[in-house]
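Student: Here's the letter readout for the chains.
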Amino acid sequence: AQSVSQHNHHVILSEAASLELGCNYSYGGTVNLFWYVQYPGQHLQLLLKYFSGDPLVKGIKGFEAEFIKSKFSFNLRKPSVQWSDTAEYFCAVKRTGRRALTFGSGTRLQVQP
Amino acid sequence: EAGVTQFPSHSVIEKGQTVTLRCDPISGHDNLYWYRRVMGKEIKFLLHFVKESKQDESGMPNNRFLAERTGGTYSTLKVQPAELEDSGVYFCASSEEGHGYTFGSGTRLTVV
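Residue numbers (our numbering), protein chains in the order written: chain L, 1 to 113; chain P, 1001 to 1112.
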């Protein structure tokens, strides 16, 4: 069965530190890839997505992600985090021909001022 | 534009009772999805409507769950009878064809 793995369940960083959250998926076919964020008390919001083309994708709020097909990975990065980035981050995969998303278990990021 | 609206935001019910969750998608969005997150685990797909038709209900856990989408507008998800393991956050999302999802804020269901 297809799965999505997020290796870090809880990450604590100081402001201005760099962030990288790992995401790996197990499906071998063509996929669309997403990162969602859920800020405390808010709904899930799309940070960025990859469908095709340039494997380095830039999203909102200074986030970016790189799709490495050979590694089945789609890691999320931000060079300098802010306290307002405190949230839970979810990687998700959509297989070609299906509408459903398969999510990872989420990574809770806590940024300390 | 108004987003995806879910209510109630929280529901606490006793085991064996019935609960109905509601989702109002963005107007004009034919696609409506239900997802669930149980006990801090991954968010799991439940089902997908296209207008009033169930396109994919492969994620529905068992026959205690019934989803409907009246006239292709709002959707309800009924759990009857509720069990302890049904506790979690139920998310709804909607989309236009070829576009990404917009999620609602979720309904936190606690079965005691």
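For the record, the hints were derived by calculation from the structure and aren't laboratory data.
Bear in mind that the values here come from a model prediction, so they are computed numbers and not experimental data.
Backbone N, C-alpha and C define an ideal beta-carbon position, used for all residues, glycine too.
Be careful, since some hints might not be right.
[To be verified] With beta-carbon atoms standing in for the labels, derived distance ranges: (1) T1073/P x S5/L: 30 to 40 Å; (2) K61/L x N1062/P: 16 to 26 Å; (3) G1072/P x T30/L: 42 to 52 Å; (4) Q82/L x M1039/P: 37 to 47 Å; (5) M1039/P x I12/L: 32 to 42 Å; (6) K69/L x P1008/P: 36 to 46 Å; (7) T1018/P x K58/L: 38 to 48 Å; (8) G97/L x S1027/P: 37 to 47 Å; (9) K1078/P x H7/L: 43 to 53 Å; (10) H1099/P x S5/L: 41 to 51 Å.
Student: Does each hint hold? Answer for all of them.
Tutor: Here is what the structure says about each hint:
One distance hint, 30 to 40 Å for the beta-carbon pair T1073/P and S5/L, holds here, with the actual separation near 37 Å. A C-beta distance of roughly 39 Å is found between K61/L and N1062/P, which places it outside the suggested range of 16 to 26 Å. For G1072/P and T30/L, the Cβ-Cβ distance of about 30 Å falls outside the hinted range of 42 to 52 Å, so the restraint is violated. In this structure the hint that Q82/L and M1039/P lie 37 to 47 Å apart at CB is violated, the actual value being about 30 Å.
Take M1039/P and I12/L: their Cβ atoms lie about 22 Å apart, and the range 32 to 42 Å is violated. Distance hint check for K69/L and P1008/P: the Cβ-Cβ separation is about 43 Å, which falls inside the suggested range of 36 to 46 Å. T1018/P and K58/L have their C-beta atoms about 46 Å apart, which keeps the hinted 38 to 48 Å range intact. The hinted range of 37 to 47 Å is not satisfied by G97/L and S1027/P, whose Cβ atoms lie roughly 28 Å apart.
At roughly 37 Å, the beta carbons of K1078/P and H7/L sit outside the given window of 43 to 53 Å. In this structure the hint that H1099/P and S5/L lie 41 to 51 Å apart at CB is violated, the actual value being about 27 Å.
In this structure, the earlier hints numbered 2, 3, 4, 5, 8, 9, 10 are contradicted, and the remaining ones agree with it.
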